[in-house]
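*Asks:* Could you put the whole structure together from the sequences, leaning on the hints where they help?
Protein sequence lines, in the order shown, are assigned to chains W and F. In case it helps, my numbering puts the first sequence at residues 1 to 243. In case it helps, my numbering puts the second sequence at residues 1001 to 1291.
Using 20 Å as the maximum straight-line C-alpha spacing, the simulated EDC-like pairs for lysine to aspartate or glutamate come out as follows:
| id | chain 1 | residue 1 | chain 2 | residue 2 |
| --- | --- | --- | --- | --- |
| 1 | W | Lys155 | W | Glu73 |
| 2 | F | Lys1175 | W | Glu73 |
| 3 | F | Lys1175 | F | Glu1160 |
| 4 | W | Lys155 | W | Glu185 |
| 5 | W | Lys155 | W | Glu30 |
| 6 | F | Lys1175 | W | Glu85 |
Think of the hints as simulated: they come from the structure by calculation, not from any bench.
For reference, the chains in residue letters:
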Amino acid sequence: MSLLELREVDAAYGAVQALRGVSLSVARGEIVALLGANGAGKSTTLRAISGLLRPAGGTILFDGQPIGGLHPERVVRLGIAHVPEGRRVFPGLSVRENILLGASNRRASRAEMAQDASAMFALFPDLVRFADAPGWTLSGGQQQMLALARGLMAKPTLLLLDEPSLGLAPLIVQQVFRIIRQIRETGTTVLLVEQNARVALSIADRGYVLETGRLAVSGAPAELWNNEEVRAAYLGGRVAKAG
Amino acid sequence: MSIALQLLFTGIGIGAVYALVALGFVLIYRATNVVNFAQGQFAMLGAFGMVITTEGLGLPYWLGILLTLAAMALFGALFNLGVYYPLRHRSFLPVVISTIGASILLTNGVLATYGPEPATLPGLTDLPGLNFGGLFLDSQYLAIIAITLVLVVLQYLFFERTLLGKKLQATSQDKEMASLLGIPVAGMIMLTFVYSAVLGGIAGILVAPILFVSVGLGAQIALKAFAASIIGGFGDIPGAIAGGLAIGVIETFGAFYISVPYKDAYAFVLLFAFLLLRPQGLFGEKVSQKA
Ligand SMILES: Nc1ncnc2c1ncn2[C@@H]1O[C@H](COP(=O)(O)OP(=O)(O)OP(=O)(O)O)[C@@H](O)[C@H]1O
Ligand SMILES: [Mg+2]
Chain W
1 MSLLELREVD AAYGAVQALR GVSLSVARGE IVALLGANGA GKSTTLRAIS
51 GLLRPAGGTI LFDGQPIGGL HPERVVRLGI AHVPEGRRVF PGLSVRENIL
101 LGASNRRASR AEMAQDASAM FALFPDLVRF ADAPGWTLSG GQQQMLALAR
151 GLMAKPTLLL LDEPSLGLAP LIVQQVFRII RQIRETGTTV LLVEQNARVA
201 LSIADRGYVL ETGRLAVSGA PAELWNNEEV RAAYLGGRVA KAG
Chain F
1001 MSIALQLLFT GIGIGAVYAL VALGFVLIYR ATNVVNFAQG QFAMLGAFGM
1051 VITTEGLGLP YWLGILLTLA AMALFGALFN LGVYYPLRHR SFLPVVISTI
1101 GASILLTNGV LATYGPEPAT LPGLTDLPGL NFGGLFLDSQ YLAIIAITLV
1151 LVVLQYLFFE RTLLGKKLQA TSQDKEMASL LGIPVAGMIM LTFVYSAVLG
1201 GIAGILVAPI LFVSVGLGAQ IALKAFAASI IGGFGDIPGA IAGGLAIGVI
1251 ETFGAFYISV PYKDAYAFVL LFAFLLLRPQ GLFGEKVSQK A
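*Replies:* Next comes the structure, spelled out in structure tokens:
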């Protein structure tokens, strides 16, 4: 059974139909890439899963249970952490406080939380010297690290990542993706939204390509990568740009 | 010199009351991004709560305070559910209009029940106060200053040292992100309303013995407290406290040295000066920093 399954999911912002009959599945332990051009509906898919957006139709199953339309506070308690587009670091809270709040979805003692936070600082050593600095003082790359660390503090079964490479220098992108691979090795399943198709497909087990709210193609990374049509239409331009 | 010190003392005392109400404005603004124009009425209700429990029911003062604060907490919760919650997904204006409506309803509700006659209330203590070589420190003013100081320190420790305080801050900075982390956003906002209502109630309880308790009390305090919040750079907690104290001091000095009938105008002179010269408020900071 898949850990996550979307069946014919529709979603809309008012009159703007953003998703039309999207079906996809993610198996336990996989890294699945969700690709597509600007406005294809990648973020909307993640928002529907995490509860930020109530789907207009279809079914979302997590571990076999329907979660479509549940409030985000409930979804994250079930073990789905969403690291949204734009990092969304709390600007007025320190790095350490941002990290600690990541555990708000579970019952953990202060000691446990402090221990988990130390583990995050070990995973992201660049954050250590900013531990007491307010979130707004961090650079984009540091904020991305912080957003990841905060997401991991939830100890999620499934991690939803929205464009973790956006705006980062190539070296930092490498670093972030190395950590994503590490995250999977600890048993966390990852659904990864990216415009940087090359990097995403390099670590994914499977990929889906969205086109204006519909699923266009899906398959193994090599298949997608070698599909001329897909490359030209959805990936080519991106790869060159992200180069 | 001794006159100036005396005025300063009195000004800080009344300013502390403005500061408490201003804190209510700021906390609700930070949590919900709307201005609660009924904040002053919370103080009026607190004052009437004391009149009802101690004068009306003849209960001891301390019991009156406890009952009034409990009633204010309950009232804050109901206010949230009735005035804010149904409109939480709407824009700024509908919510603000809703709070103005609530304010009018409260004022007229009290007017219809108790009439326009002002009531008076004895002070917290019978102690006469302290004498420092010509400087007389009235016990009620001392109590106001001490209680406000304790509240401000407790509130600071709560927001800065507790996880719940951090969750409240996170909610005020980014509600969507807070809910993604599992922070119960609606609960955090409820807590903010309850606390702000209690703060307003405390302000009313403290100020009742030095002003007449009447339906006009709420608007009178709210205007000064609102000006104080703006002078403080709306949304800034230390700014609101300093703004409240500044207004209390300036209007007390103005009333003594310039003119008593214009007492209520000095706050607005200060407000205009700030809006013209320092619109970012007393401790103005970068917008990115303010959250
Ligand atoms: N808040 C919103 N209100 C109205 N329409 C929206 C909103 N957010 C997204 N949309 C629309 O929904 C569609 C899908 O947007 P979505 O953000 O999911 O795309 P995306 O694939 O994540 O794009 P990007 O790569 O630019 O992040 C787009 O047509 C977009 O204009
Ligand atoms: Mg997006």
